[in-house]
Amino acid sequence: MPRRSSVWALRGLLCLNLLILLGGCERTAPVPDAATIAALRPDNPHLSEIYATACMACHTMPDSGAPQTGMVSQWQPRLAKGMPTLLQNVVQGLNGMPAGGQCFACTTADYEALIRFMSQPPAAP
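This note's numbering puts the first residue of the sequence shown at 2, with every later residue one more than the last.
None of these hints come from the bench; they were simulated from the model. Note that the structure is a prediction, hence the values are computed from the model and not measured. Just to be clear, a hint being listed does not mean it is correct.
Computed Cβ-Cβ distance ranges for the label pairs, DEER-style [as the list claims (entries may be wrong)]:
#1 Ala106 / Ser74: 28 to 38 Å
#2 Pro63 / Leu95: 13 to 23 Å
#3 Pro122 / Ser49: 10 to 20 Å
#4 Ser49 / Gly101: 11 to 21 Å
#5 Thr108 / Thr86: 17 to 27 Å
#6 Leu88 / His47: 14 to 24 Å
#7 Pro122 / Asn45: 11 to 21 Å
#8 Asp44 / Thr108: 25 to 35 Å
Built from N, CA and C at the ideal position, the CB exists for glycine as well.
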């Protein structure tokens, strides 16, 4: 009988260790709600102005088909294609997005900074 209880005790310890290990695994970024997405703005005033006039209309509207600002899961497959591909898509236009996102004064650096901003999870309050 003592041997049988030792086996169960060992199994219990193994399960407990597994739970502790899994508890430390990386979690996915939280999904921001619509109000949070609508309130997001780049810290840089220049980028914030561009974002408000050229990006927000689509990147804060779930039905637009555009990846939503702060929705990491929507941006991951796009980011996996690499920044050069993303920049090319912005400059040339893609699906419903017009060429340049209708930002005619934007530089490549502006586009890249805006992509990085929109593809990141919202900062914690």
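Evaluated hints:
no.: 1; hint: Ala106 / Ser74: 28 to 38 Å; verdict: 31 Å, holds
no.: 2; hint: Pro63 / Leu95: 13 to 23 Å; verdict: 18 Å, holds
no.: 3; hint: Pro122 / Ser49: 10 to 20 Å; verdict: 18 Å, holds
no.: 4; hint: Ser49 / Gly101: 11 to 21 Å; verdict: 18 Å, holds
no.: 5; hint: Thr108 / Thr86: 17 to 27 Å; verdict: 18 Å, holds
no.: 6; hint: Leu88 / His47: 14 to 24 Å; verdict: 18 Å, holds
no.: 7; hint: Pro122 / Asn45: 11 to 21 Å; verdict: 18 Å, holds
no.: 8; hint: Asp44 / Thr108: 25 to 35 Å; verdict: 18 Å, violated
In the structure shown, a violation is registered for the earlier hint numbered 8 alone.
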